[in-house]
Structures are given as C-alpha cells and as structure tokens.
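Residue-level listing of the chains:
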Amino acid sequence: MRFDVNLAQAMAIASQLAVSLAVSVLLGYLAGSYLDSRFSTSPLLSLVGSLVGMVAGLYGAVRLLQIMARRQKNKDKTSD
Amino acid sequence: MPHIELASPVIFSIAGLSITSTIFTAYLVSAVLIVISLAATRRMELVPGRFQNLFEMAVEGILGIATQTAGDRRARRFLPLVLTFFLFILLSNWMGILPLFGDGEIFIRHGVDEHAEPLLANIFRSANSDLNVTGAMALIVFVWAEYLGFRSGGLAYLKEFIWPGLLIEIIGHVSRAVALALRLFGNILAGEILLAIMGTLVPVLIPSVFLGFEVFVGIVQALIFALLTLSFMTLATEHEAHQAAAAESSHH
Numbered sequence: 001m002r003f004d005v006n007l008a009q010a011m012a013i014a015s016q017l018a019v020s021l022a023v024s025v026l027l028g029y030l031a032g033s034y035l036d037s038r039f040s041t042s043p044l045l046s047l048v049g050s051l052v053g054m055v056a057g058l059y060g061a062v063r064l065l066q067i068m069a070r071r072q073k074n075k076d077k078t079s080d
Numbered sequence: 001m002p003h004i005e006l007a008s009p010v011i012f013s014i015a016g017l018s019i020t021s022t023i024f025t026a027y028l029v030s031a032v033l034i035v036i037s038l039a040a041t042r043r044m045e046l047v048p049g050r051f052q053n054l055f056e057m058a059v060e061g062i063l064g065i066a067t068q069t070a071g072d073r074r075a076r077r078f079l080p081l082v083l084t085f086f087l088f089i090l091l092s093n094w095m096g097i098l099p100l101f102g103d104g105e106i107f108i109r110h111g112v113d114e115h116a117e118p119l120l121a122n123i124f125r126s127a128n129s130d131l132n133v134t135g136a137m138a139l140i141v142f143v144w145a146e147y148l149g150f151r152s153g154g155l156a157y158l159k160e161f162i163w164p165g166l167l168i169e170i171i172g173h174v175s176r177a178v179a180l181a182l183r184l185f186g187n188i189l190a191g192e193i194l195l196a197i198m199g200t201l202v203p204v205l206i207p208s209v210f211l212g213f214e215v216f217v218g219i220v221q222a223l224i225f226a227l228l229t230l231s232f233m234t235l236a237t238e239h240e241a242h243q244a245a246a247a248e249s250s251h252h
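If you read the sequences in order, they're chains A and B. If you read the first sequence in the working numbering, its first letter stands for residue 1, the second for the next number, and so on. If you read the second sequence in the working numbering, its first letter stands for residue 1, the second for the next number, and so on.
Think of the hints as simulated: they come from the structure by calculation, not from any bench. Treat each hint with caution, since some may be false.
As the list claims (entries may be wrong) - Chain A side only, calculated, beta carbon under 10 Å to chain B, not exhaustive:
hint, residue
1, I13
2, S20
3, L47
4, A56
5, G60
6, I67
7, R71
Unchecked claim - Just the calculated beta-carbon pair ranges, DEER-fashion:
hint, chain 1, residue 1, chain 2, residue 2, range
8, B, V143, A, S42, 26 to 36 Å
9, B, S250, A, S37, 49 to 59 Å
10, A, A69, B, I14, 31 to 41 Å
11, A, L44, B, Q243, 29 to 39 Å
12, A, L44, B, P80, 44 to 54 Å
13, B, T67, A, L44, 49 to 59 Å
14, A, A69, B, S18, 21 to 31 Å
15, B, R73, A, L44, 45 to 55 Å
16, B, P164, A, F39, 49 to 59 Å
17, B, V32, A, S42, 29 to 39 Å
18, A, S37, B, E56, 23 to 33 Å
19, A, S42, B, S249, 49 to 59 Å
20, A, L7, B, E56, 23 to 33 Å
Beta carbons are placed, not taken as given, at the ideal position from N, Cα and C, and that holds for glycine.
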C-alpha cells in the first residue's frame, strides 16, 4: 500500500479545521468576557467576542484551504 | 461511581519542583530517544548496519513527506523539529499502553473521596494525556512558525495582520496552536479512558482489541501533529518560496 501524503495532509488539516473553528469562538468569547468584567458591559462584549471569534475561525479556515488548494495546483502544474 | 481526574498526579518532588507522572514519562521518552539516537549515529557506516538502516529509513521517510509539502530546501530546514515531534509523540503514545503505564486507572478512583486509593498502582501516564505537555509543543510550533514568518516575509508578513483585522488574524493564529494542543491531548486521553473502562468492564480479551487500536491511533496522531507542524511552517514561509520562484524565473 502506497502512503499518499496529499491524502494524509488533507485529513490532518480537516481534523485541525474542525477543532480550530470551535477554539476561535471560545477565544473570542473569553476575550470578550474579560473585557466585559473590566468595563462592566456584560454581556455585550462577550457576544461581540464570540461573533469575532466565529468570523476569525471561518476566515482562517477559508484562507488555509485557499493556500493549500493553490499549493496543490502549483504541484500539479510542475508534475505535468 | 468512578470519576476521572484530568490532573496528572505528583509522584515525587525535586527541590520543590513537582514531578508529575506525565512529566516523568516525558523525561523517560526523551532519555530513550537520546540514547537510541546516540546509538544509531555512533558508528555510522557508508553501508549501514541494521540499526542504522532502520533510522535512515525513518529519517528518509519523513524527509520524503516533508519534501513533497515544503520543497527540498525548506524540508531539510524543518526536518529536525518535525521529526523530533513525530518520534517524541509516537514513543509517548506507545509507552502509554505498556504495563505499569496507567491505562487511565491511576486517575479513576472509586467514589468522590479525594483520598480514595486508585484502582491499580500504575504509576506512569502517557505524556500526551497532559494538556501541559501538548500545550508546550503547540507553543513551540506557534512561536517558531511566527518567527519564521517574520524572518522570511518581513513587512509582507506583517501586512497580513492588517487586513481584514488585527484581532481576527491574531485569533486565527492562536486558535491554530490551541487546536493543535487540544486535539492531541483529547485523542490520547480519550484512548486511555477507553482502555481503562474496557479493562474494568471486560478484563479479558476485549481490551486487547482496543490496545491494538491504540497502537494505530498512536502513530496516526503522531503523524497528524508532524504534518500540521510542517504545514504551518510551510505556510508561514510562503513569501520566501514566492521570492525564490520569482528570482529563479528572472534568471531564466
């Protein structure tokens, strides 16, 4: 059986993306919650933080996939 | 009802420094790797013996994978860190299923009494079942990848942080590292708990199936961590690759 690096890497990144999306929301929430406690604005900044975290997670996922797709395209071009 | 303790128990202290079972395993794995590496490279021959051959195969295998991802030049630069992580995680995961290493038993105690005796006196635990260990490795990846990014891209790398927003970019970069640590920790801890519960419910035969499964999970998780480390470093140094490609095309 031949080891397929591209497949292994795609699987690694897919598993990373799932966790990374959740962690981004959590980090955003934690940052917002800290700011809420500093400025007594609860729960406004927690909500904003969660939303920013969600956007950051999605943006990061899309960017990572775009770069990986571009690399794959370049790789295919050079192997042709 | 048994309950699960995530914190690794302290087994002894040296000069006030607490050594937990997972840290002890991490030291043990490091010592084993250092001894094996020294033994494998002590008398290197052009025509390798069995031992040298085995390690050459491992290095060439990971180098081959790294070359396909990052190109020859960057692969050779990233190899020491990626291979060290791979071997450390693999050995830690596999050590975790040896006898004397807790299949989670050490942290499953009967009742909610904190002073209750553990079910079995297994003193060690897989290093990767401690978030501090996986967190430390993820921190190394994060700092090293950012450093490589700044060094290779300079202002162009900094510019990435300005659009679409500093906060979004920072959360994105930090979440990658946190996810890296959490995934490895979660998978290994889940495996240990699974083995412990299966060992308690059906002590004969069935745990062997799960032990075999954990051997597989051990190598897959080590490979995933190594591949992601490689990917993050490759992505951080994309500017360098573009510059090299542009310089090459201007030569032709």
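#### Entry: Hint validity - A/I13 Cβ closer than 10 Å to any chain B Cβ
With a closest approach of 7 Å, the A/I13 hint holds.
### Query
Does the Cβ distance between A/A69 and B/I14 fall inside 31 to 41 Å?
violated, 50 Å
### Query
Within 49 to 59 Å or not, the Cβ separation of B/P164 and A/F39?
violated, 25 Å
### Proposed interface contact between A/L47 and chain B, which counts if any beta carbon pair is under 10 Å
violated, 15 Å
### Task
Look at the Cβ atoms of A/S42 and B/S249 and judge whether their distance stays inside 49 to 59 Å.
holds, 56 Å
### Message
Given the hint of 21 to 31 Å, is the C-beta distance from A/A69 to B/S18 inside that range or not?
### Response
violated, 47 Å
### Query
At the C-beta level, are B/V143 and A/S42 separated by a distance inside 26 to 36 Å?
Given range 26 to 36 Å: holds, Cβ gap about 33 Å.
### Task
So, A/I67 near chain B? Judge it on the closest CB pair being under 10 Å.
holds, 6 Å
### Query
Cβ-Cβ distance between B/T67 and A/L44: within 49 to 59 Å?
50 Å Cβ-Cβ, so the 49 to 59 Å window holds.
### chain B contact restraint for A/R71 - C-beta distance below 10 Å
Result: holds, 8 Å to nearest chain B Cβ.
### Task
Mind checking the CB of A/G60 against every CB in chain B and telling me if the closest is under 10 Å?
This hint holds: A/G60 lies near chain B, its Cβ roughly 3 Å from the closest one there, short of 10 Å.
### Status of the given 49 to 59 Å range, CB of A/S37 versus CB of B/S250
holds, 55 Å
Of the hints listed earlier, those the structure fails to meet are numbers 3, 10, 11, 14, 16, 17 and 18, in rising order.
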